[in-house]
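Trainee: Going down the list, the protein sequences come from chains A and B. Last residue of the first sequence: 168 in this note's numbering, with the numbers rising by one and none dropped. Last residue of the second sequence: 178 in this note's numbering, with the numbers rising by one and none dropped.
Be careful, since some hints might not be right.
Unchecked claim - For each label pair, taking beta carbons as the anchor points, the in silico distance ranges come out as:
| no. | chain 1 | residue 1 | chain 2 | residue 2 | range |
| --- | --- | --- | --- | --- | --- |
| 1 | B | P178 | A | R78 | 34 to 44 Å |
| 2 | B | Q110 | A | H66 | 14 to 24 Å |
| 3 | B | S77 | A | L95 | 18 to 28 Å |
| 4 | B | Q123 | A | E74 | 43 to 53 Å |
| 5 | B | A144 | A | L140 | 37 to 47 Å |
| 6 | A | G96 | B | V135 | 26 to 36 Å |
| 7 | A | G96 | B | D82 | 19 to 29 Å |
As the list claims (entries may be wrong) - Keeping only pairs whose Cα atoms sit at most 27 Å apart, straight-line, the calculated DSS-like set for lysine-lysine is:
| no. | chain 1 | residue 1 | chain 2 | residue 2 |
| --- | --- | --- | --- | --- |
| 8 | B | K121 | B | K136 |
| 9 | A | K139 | A | K113 |
| 10 | A | K98 | B | K121 |
| 11 | A | K98 | B | K133 |
| 12 | A | K113 | B | K107 |
| 13 | A | K139 | B | K107 |
| 14 | A | K134 | B | K107 |
| 15 | B | K133 | B | K121 |
| 16 | A | K139 | A | K98 |
| 17 | B | K136 | A | K98 |
| 18 | B | K107 | A | K98 |
| 19 | A | K113 | A | K134 |
| 20 | A | K113 | B | K136 |
| 21 | A | K134 | A | K98 |
| 22 | A | K98 | A | K113 |
Because the hints were derived from the structure by calculation, they are not lab data. Note that the Cβ used here is the ideal one computed from N, Cα and C, for glycine as well.
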Amino acid sequence: EPEVTQTPSHQVTQMGQEVILRCVPISNHLYFYWYRQILGQKVEFLVSFYNNEISEKSEIFDDQFSVERPDGSNFTLKIRSTKLEDSAMYFCASTANRAEAFFGQGTRLTVV
Amino acid sequence: GESVGLHLPTLSVQEGDNSIINCAYSNSASDYFIWYKQESGKGPQFIIDIRSNMDKRQGQRVTVLLNKTVKHLSLQIAATQPGDSAVYFCAEISSGSARQLTFGSGTQLTVLP
Chain A
57 EPEVTQTPSH QVTQMGQEVI LRCVPISNHL YFYWYRQILG QKVEFLVSFY
107 NNEISEKSEI FDDQFSVERP DGSNFTLKIR STKLEDSAMY FCASTANRAE
157 AFFGQGTRLT VV
Chain B
66 GESVGLHLPT LSVQEGDNSI INCAYSNSAS DYFIWYKQES GKGPQFIIDI
116 RSNMDKRQGQ RVTVLLNKTV KHLSLQIAAT QPGDSAVYFC AEISSGSARQ
166 LTFGSGTQLT VLP
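Next up, chain B with everything else stripped away, as it sits in the complex (with noise of 0.2 Å):
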């Protein structure tokens, strides 16, 4: 199931490492997945998606995995930088007429100096 509450799962790494972020979807119907980033007071904002008859999609320091075998989605965060430091949350698009998001718990990424 999700977890729901006041405790995000957390990963620390060292500035220059890099990170993975890993997510889990439950629908096995979604054709589309996001990751968005949420700093601290802002709204989410997009980093990359993947449509469900892709394994892989590169960005800019980024790279998102799919495993629809196992429903689970991942993210990879190259050389991590402090600005990096934030909650990201995978998203998956419903096949409901309006496509609307349905996220997961998100993560907490704390980037150490």
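One chain only, chain A, in its complex shape (with noise of 0.2 Å):
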């Protein structure tokens, strides 16, 4: 069964440096998304790219971050300089049709 891939599982970084989190989307999929889930908290949508450009972004995916598909293939989330509250699980999201979307295992950032 396809799914969509994350890395690495775990990520500890200091503040201020910058971190790539890794995704690869189902190969099919056209609709990628980066959503975060700090720790009890529900997961809360950060920013979805269609057509290599994204299409929305909500509040919380300020200047700091950055999405890219470099190579049609994957799917990277940068955050440029992190900061003790970007702390969370990341996940990673693909879907077809815009309707049900596919999750990673996700990547638990902790920032130092």
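Both chains are sitting in their own frames, so use the hints and assemble them into the complex.
Mentor: Have a look at this one:
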């Protein structure tokens, strides 16, 4: 069964450092998303990506965040200068039909 | 308003009993709703969906009910099993072009032996 894969599973970084979270969406999917989940809280939308550009983004997705699809298979989320409050699980998701989204297992980001 | 913070609503049921998990959604313009299951340390997993032109949809051991009048969604799990223990989130699809999911705050379901 096809699945969304994310690497790394856990990333520890110092405050102020840049991090890149990587995702490989399901191959025939067209819509890609990043979501965030702070420990014990609900999943929050960050950004959607379609046709090589951002479709929509939330208030959380400020200038410190960027996304890229560099090679037609990977989909990355970059946080330019991490803050303590960026510590969370980050989930990548993809969908073919803008309905049922398939989620990866997530990357746990810990900013120290 | 939506609940935030570290304490999820919880539901404990005996193995074999039926479970009902409730969710209130906020956007009357949402036209598609999904229930996701999230086990510890994993990503959300699709369970069942329903469109706004329907009141009820059944899957294998699960049923989703939609009441648009009061903006309420419920997930019924028949003959709950230990493997059903997880956090359950309802999500609504916004009317935006990218159709991103807006998640509810989640319910922790614990199945007792």
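Trainee: Flag every earlier hint the structure violates by its number, smallest first.
Mentor: Violated: none.
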